[in-house]
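J.: One-letter residues, chain by chain:
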Amino acid sequence: MPELPILMRMSLYERIFDSIPDAVLVVGGNGLVREANRQAHTMFAYPPPALVGLTIESLIPARLRGGHAGHRHAYLESPRLRPMGAGLELRAERSDGVEFPVDVMISPMGAGTDAVVLCVLRDVTARVAAEARLRDSLQEKDTLLREIHHRVKNNLAVISSLLYLQATRTDDQDVRNVLHDSQRRVRSMALVHETLYQSESLAAVDFDRYADELCRQVLASHVHPDQKVVVESRLPPLRMPVDTAVPCALILNELLTNALKHAFPSGRTGTITLEADLTSCPEALGLCVRDDGIGSVVPEGAPQSLGLLLVQSLARQLDGTFSVETSAHGTTACLRIPRRHATA
Amino acid sequence: MQETARPPRILVVEDEALIAVELQERLHALGFATLGPADTAETAVAMAEAERPT
Numbered sequence: 004m005p006e007l008p009i010l011m012r013m014s015l016y017e018r019i020f021d022s023i024p025d026a027v028l029v030v031g032g033n034g035l036v037r038e039a040n041r042q043a044h045t046m047f048a049y050p051p052p053a054l055v056g057l058t059i060e061s062l063i064p065a066r067l068r069g070g071h072a073g074h075r076h077a078y079l080e081s082p083r084l085r086p087m088g089a090g091l092e093l094r095a096e097r098s099d100g101v102e103f104p105v106d107v108m109i110s111p112m113g114a115g116t117d118a119v120v121l122c123v124l125r126d127v128t129a130r131v132a133a134e135a136r137l138r139d140s141l142q143e144k145d146t147l148l149r150e151i152h153h154r155v156k157n158n159l160a161v162i163s164s165l166l167y168l169q170a171t172r173t174d175d176q177d178v179r180n181v182l183h184d185s186q187r188r189v190r191s192m193a194l195v196h197e198t199l200y201q202s203e204s205l206a207a208v209d210f211d212r213y214a215d216e217l218c219r220q221v222l223a224s225h226v227h228p229d230q231k232v233v234v235e236s237r238l239p240p241l242r243m244p245v246d247t248a249v250p251c252a253l254i255l256n257e258l259l260t261n262a263l264k265h266a267f268p269s270g271r272t273g274t275i276t277l278e279a280d281l282t283s284c285p286e287a288l289g290l291c292v293r294d295d296g297i298g299s300v301v302p303e304g305a306p307q308s309l310g311l312l313l314v315q316s317l318a319r320q321l322d323g324t325f326s327v328e329t330s331a332h333g334t335t336a337c338l339r340i341p342r343r344h345a346t347a
Numbered sequence: 167m168q169e170t171a172r173p174p175r176i177l178v179v180e181d182e183a184l185i186a187v188e189l190q191e192r193l194h195a196l197g198f199a200t201l202g203p204a205d206t207a208e209t210a211v212a213m214a215e216a217e218r219p220t
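One line per chain: the protein sequences are A and B, in this order. Sequential numbering of the first sequence, starting at 4, is according to my numbering. Sequential numbering of the second sequence, starting at 167, is according to my numbering.
Chain B on its own, in the form it takes in the complex (with noise of 0.2 angstroms):
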């Protein structure tokens, strides 16, 4: 990673909300910026493919 890169990015995929809600903030907490939560297959095909995460 660059020092002048956005931190990395990860696309969450999860269909329960609040165990969503749980990944967000603890990859949060590890310095990673998320996507989503995408809660179907076909989202996360389509968030993957439209934002491409690093």
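Here chain A stands alone, though its shape is the one from the complex (with noise of 0.2 angstroms):
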């Protein structure tokens, strides 16, 4: 008796075409839906087997219909197993009109005028919308950090404000000359925060945009009418996680300062310009501030400047160095951090 078992199997495959738990679709040529399963029939809300018979494209919302008969005739001409729409969001509409998202996967079965195509739904209407729940909590994380990044430079920038309202109630020069010092280096810290919120990514500061502000700041809070010192950065595309980039603007802030308060004496014009060094050492990169002023020698036994002690201490939580070179012909200070602290 070898029709029975073959009979079972026929009926074993029946059952398990209606208890898969995805929509199956056999499409053929001609576009019509030729077998459907029970879940097909749950998915499109049609009473079973109201599907069979039906176009394809009477499944699709008919704003979306249009050009589809051209892919599925495309598809014929080289089937072959494939996800549809990749990279799309395919969407499908039920017998009542309600339209929900699906994933599609699409094979060929059989050839020539026989060619049907096997079609596997399944609706992601849950998975969509835990997507858009993901992306709507990460967009606000980001305007959160942004908001608390904005905060934290208010709040230096207030500061700031207070040391300048400070130093001009007071006649003593020395104690003035101290206030904006300190402001300076708020500024600069400032200034790291209000980088970090106006880029695209918060996990890094673009330190090159950085340096070119920093330089700007610089020049325009030693306003002396008889100086013309340009001061230009000319860093690469250079970026650094926050608590990197911190130590270093307060260093390069405490540089660019120095030179522009001892290399130009009397009026004399020049430059400062702050360039990276990645060819001196393959581990490190060099943020060094060149000028072409008169030089400067710390005098033997001088009591160590607060500017210096601020550089070393800082190069030092940086696992770095700090160098200074100085002739005739300019001062070149280069502070030399681990390579990892910063990316292109």
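For the record, the hints were derived by calculation from the structure and aren't laboratory data. Glycine residues also receive a C-beta, built at the ideal position from the N, C-alpha and C atoms. Please note that a few of the clues may not be correct.
Computed beta-carbon distance windows for the label pairs [said to hold, decoys possible]: (1) B:175 / A:179: 24 to 30 angstroms; (2) B:181 / A:137: 31 to 37 angstroms; (3) B:181 / A:45: 55 to 61 angstroms.
Computed list of chain B residues with no C-beta within reach of chain A, every gap over 12 angstroms [said to hold, decoys possible]: (4) 173; (5) 177; (6) 189; (7) 192; (8) 197; (9) 200; (10) 217; (11) 219.
Straight-line alpha carbon distances no greater than 16 angstroms define the calculated EDC-like cross-link-like pairs of lysine to aspartate or glutamate that follow [what the hints assert, rightly or not]: (12) A:156 / B:181; (13) A:156 / B:217; (14) A:144 / A:215; (15) A:231 / A:295; (16) A:156 / A:246; (17) A:156 / B:180.
Mind docking these for me? Both chains are given alone in their own frames, and the hints should help you get the complex.
T.: Here it is, written out as structure tokens:
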């Protein structure tokens, strides 16, 4: 009795076909549904076997139907197993007009005039909604983080204003100088946070953009009518996490300020440039402030300035080193930090 | 600016009060008169239209 096992197998496959938890449609070359399992009827809200005989296009929202028959013919020209509309969000339409997002896998069956296409569809409403929630929550986190950096920058700017207002209320030039130095230091930190919340990614500071602005800021805070000094940054694109950027910012502020204060006395003209040194040592990133001023020598046994103390302490915090070379043609001060602190 | 004219007036728009004070004092030190500070965009536009700073 060879027929019985075949009949049993047939009924087994039919049961499997009807029990597959995804919707399965068998579509002929003419675009008509030949077979549809139970889940397909449930998903599209048709009473079985009402899907059979419908065109596949009738399961697509009307506004998206155009061109589908063309895609279908193109697929039959070179049929292979593949997800449909890779990268696109596909939409389907139920009998009651409700739209829902679907993932579709299609596979050719048979050849020639008998060729049909097997379509497996899954309703991805829940996944699409979860993805949207995730996107919203990321967007919200990004917005909050930007607001916090904005707040930090504003608080630092207020501290800077307090120092300025205090400075203008004393006649003692030494006190004023000290307060102005402090104000510049606080502003160099505020600028890091400002650069960060204005940049595309909050993970790292665009340090080259920061350096351009710092050069402008340092120069503007040293307005001497007789001083014609250019301060410019020539850093390549450089990104740093904020906990590296802040110490680097404070150090560069000291070096640029120092050069402006001491390299060009009595109206001397010149240029101060901030450059990256990527060649001296493969493991280190060098940030060098070079001026073509008079050069300076710290007298033997002179007390350590606060600026130098800050630079050396912060360089240590970054596992870096600090060096100065000076001659009659100018001074170059270099901070070298491990390259891992920055990315291009 | 005519010799008899008042110093140019600048409208200060800033919502942090102390930063606004610094801006005003800096502008005064540079010889400008100031309006404001306005701490919202709406106030700033209203003041600009009412006072027409030079």
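J.: Determine for every hint whether it applies to the structure shown.
T.: Tested hints:
1. About 28 angstroms separates the C-beta atoms of residue 175 of chain B and residue 179 of chain A, a value consistent with the hinted range of 24 to 30 angstroms.
2. As the Cβ distance of residue 181 of chain B to residue 137 of chain A is approximately 34 angstroms, the hint placing it in 31 to 37 angstroms holds.
3. Here the CB-CB span from residue 181 of chain B to residue 45 of chain A is close to 58 angstroms, well matched to the stated 55 to 61 angstroms.
4. The claim that residue 173 of chain B lies off the interface holds: its Cβ sits roughly 19 angstroms from the closest Cβ of chain A, which is beyond the 12 angstroms cut-off.
5. At the 12 angstroms boundary, the C-beta of residue 177 of chain B stays outside the reach of chain A, the nearest C-beta of that chain being 18 angstroms off.
6. The beta carbon of residue 189 of chain B is not kept farther than 12 angstroms from every beta carbon of chain A, the shortest such distance being approximately 8 angstroms.
7. Not every beta carbon of chain A lies more than 12 angstroms from that of residue 192 of chain B, the smallest distance being close to 8 angstroms; the non-interface claim is violated.
8. Residue-level check passed: residue 197 of chain B sits 14 angstroms from the nearest beta carbon of chain A, beyond 12 angstroms.
9. Separation of residue 200 of chain B from chain A is adequate, the least Cβ-Cβ distance of about 15 angstroms exceeding the 12 angstroms criterion.
10. Listed as a non-interface residue, residue 217 of chain B keeps its Cβ farther than 12 angstroms from every Cβ of chain A; the least gap is roughly 24 angstroms.
11. Distance check for residue 219 of chain B against chain A: the nearest CB is about 22 angstroms away, which clears 12 angstroms, and the non-interface claim stands.
12. Straight-line distance between C-alpha atoms of residue 156 of chain A and residue 181 of chain B comes to about 14 angstroms, which keeps the hinted pair within the 16 angstroms bound.
13. In summary, the hint linking residue 156 of chain A to residue 217 of chain B is not supported, as the alpha carbons are separated by about 31 angstroms, beyond the 16 angstroms threshold.
14. For a cut-off of 16 angstroms, the pair hint linking residue 144 of chain A to residue 215 of chain A is broken: about 29 angstroms separates their Cα positions.
15. Between residue 231 of chain A and residue 295 of chain A the alpha-carbon distance is near 13 angstroms, which keeps this suggested pair within the 16 angstroms criterion.
16. Proposed proximity of residue 156 of chain A and residue 246 of chain A is supported: the alpha carbons are some 15 angstroms apart, at most 16 angstroms.
17. For the hint pairing residue 156 of chain A with residue 180 of chain B, the CA-to-CA distance comes to about 14 angstroms; that is within 16 angstroms, so the pair holds.
This entry does not satisfy hints 6, 7, 13 and 14, going by the numbered hints stated previously.
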